[in-house]
Amino acid sequence: MDIKLKALTKSIWVFHAATSPCNNCDIEVLDLLTPRYDVERFGIILVGSVRHADALLVTGVPNYKTKERLKKLYVQTPKPCVVVAIGGCACGRVMFAESYNSPCAVDEVIPVDVYIPGCPPKPEAIIAGIVKLIQKINKK
Amino acid sequence: MKILFNYLIFPGFLFSACVGLIAGWVDRKVTARIQWRLGPPWYQNFVDIVKLLGKETIVPEGAKLTFLLSPCLGLLSVVLVATILGKAIISPSESFIGDIIVVLYLLVIPAIALIVGASASRNPLASVGASREMKLVLGYELPFILSIIAVIVKSVGSIQIGSILNHQFNFGSHIASPSGVLAFIVAIFCMQAKLCFVPFDASEAEQEIMAGVLIEYSGLPLAIFKLTKAILLYAIPLFLVALFLGKDLSPVFITGKYIILLVIIILIKNTNPRLRIDQALKFFWGPVTLLATVAIILAIFGL
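Line order of the protein sequences matches chains A and B. Residue numbers for the first sequence follow the numbering used here, so the first one is 1 and each next one is one higher. Residue numbers for the second sequence follow the numbering used here, so the first one is 1 and each next one is one higher.
One chain only, chain B, in its complex shape (with noise of 0.2 Å):
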């Protein structure tokens, strides 16, 4: 019982989700300041959200099964690695062994199920958004993982996200080092690619392959998808901020940290064009992994 209810309520699912929609609205809002305009209300997101819910549901004309599986898979795995960082920041002495583990390869799972659910709709400009996105997964992951073992050299190879916590809670923030500062921005960039913005969003350009893996997407799937991205909004910053920055974690400052990591994002996002997808993988296959490396060798000699 208080499983589900952990799941779907609290660290989880509602919560989650309510925090992501406002995060994307934040978004929104910051982005239309930035471009002199006033930007939308704050509960636009959850009406888009209640309005594609409405819509109808079309399925094209030989579409596999996986298509409207793939947005519940990808759904579902977020909303359990928002649910285990939620738990482990909570109380971190209930988290378990090797839920670092498990949050990196739960994290995969949305942009696998935007790949498969972007193959099975038949549509030539869906496969090219999924081959984009098959190729950005493949330039991000290595120097994220990379970045996130100088995090688990630091902390003594533990690979728990409550004893890395309780590590920074002890010896100070990872970030208060070379090291660290080294490990965190990669993995800034890591996040940016993750939440498919700006610079990294070759898969869902809407100018050139009108928004590539959702383009076959209406109605239920597609708010689905976008509740998925939401959380993604709520869950990564959160998950950088229990790795680098997890010395204090009452209410307001773990807020404000997460408030700070957004506001990179969308700074990032609103001052970058976007990139080709051989450019991106050039760059977190060259200078964002070169980056990594130093960050574990400094972080194996101490520093």
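Chain A extracted, bound-state conformation (with noise of 0.2 Å):
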């Protein structure tokens, strides 16, 4: 096991990517900061600059502009890191998948490694996705 993906489960910088969603999953992850969740307990913490970042809090359907915002954002993330789909819109494009202003989902501009679906994801959903994403490298 790689020292190096140890620590990185065990401290994990979270940015957060809002590529249009409708701010309800935000709200969800702003929660997880708060006394109740407290995920600093975990070693993770909201930081600003995406150069810090090890993982990508992706929330809402990309449209055309944010698409490659998206894009850029992966690529100016040191690797290794990971990218969470959260709520239904990230994970799927839901009831978005016909609009005019969708053109793909989060997982065909970026590699996706968790979805956490939910309209909005409660967050012990959350908590429990990155828990399996955990596991998941562990296991690497």
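One should not assume that every hint holds.
Cut-off 20 Å, straight-line C-alpha distance, at most; resulting in silico cross-link-like pairs (EDC-like, lysine to aspartate or glutamate) [stated by the list, open to error]:
1) K79(A) x E61(B)
2) K4(A) x E56(B)
3) K67(A) x D113(A)
4) K67(A) x E108(A)
5) K282(B) x E56(B)
6) K71(A) x E61(B)
7) K139(A) x D113(A)
8) K79(A) x E56(B)
9) K72(A) x E141(B)
10) K6(A) x E56(B)
11) K71(A) x D107(A)
12) K10(A) x E56(B)
13) K71(A) x E56(B)
14) K29(B) x D38(A)
15) K72(A) x E94(B)
Please keep in mind that the hints were generated in silico from the structure rather than gathered at the bench. Keep in mind it's a predicted model, so treat the numbers as computed, not measured.
Both chains are given apart, each in its own frame, so use the hints to dock them into the complex.
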């Protein structure tokens, strides 16, 4: 087991990439940092710059503008990094699949490691998703 | 050989980095408890550093060589501060004349390293952060040096940490007098600004300019900057302990005094909103400088 990846699973710094969401998922993500769920227990903190990030939390359906931004953000993130798609929109575009301003889903732009469905997903569901992600990294 | 050991291991790099990282954890834990959260485990900052060492280092297109050199400069100088302080406290007779001036100069270098590194990264937000950091340095250096002049005046014009300690050992701590209290309050404000903690962290404001000066740093250089911050968190409170609370420096007392200063820093950090840079500058050049001047005048009259 690689010490790099081991340390990564113990201290995931998260960058919140909002690709035109309706803001419901963002509020649930912020809930995770509040006293009730407090993910800093596991070393997870929100960082301001994508250069410091280990995980991209993607919410919303990419449109023509945010699609390019999302691609750039992924290139700018130092590797190894993981991508977490939060909410039904980011997982599979749900009702926006036929929309005129929705060119593609998140996983057609960048590789996604974990999908957390829900509209919006509960904070517990997001924590469960992160736990699955850590198990997946540990198995690698 | 002994010098190398001192620089790299005991009062120097390894020891101060460990203490600083644990102090950083105390900061995070107390902050979390104040916000009614649980907070991270004690090894969290060590894991962060190890993780950053394993990450890819990205150098932005067109960045100069100074982008990678400046973090090393900051770390080297701050480790030297920790070594000089540690040596002076362990054996006051071995310190050299004028080391307080050397420490003062070396304590500015981490801020200068941040400014140089941010300017070399060619990022507009980093340059905003760099300009704020520059103004903040201009702001807090004046009162900080004035408060230390007050200490020098009180210990009969000696500019050697060892003899300042000896003076306090013979005549009682400097804080036990009106001028000492005023200078100590000034030094605490300046310490808060030197550590870039909350009322004065406009240069790294995460919410408005996305980590500001550190925005383009990733991987190894970011880890070095984090280590520099950690060692500063060890060195500056220790410096103040040596200058103001130097009566009894047995290991138990020095740990207690360090922890008291750390708690003061954390409480100021958690109970204040961030100041705009012009407010911070006005604060430092107005009331704080005035306080420091009063402290010097009182010290000259022997109070």
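* **Hints the structure fails to honour** => Violated hints: 5, 9 and 15; rest satisfied.
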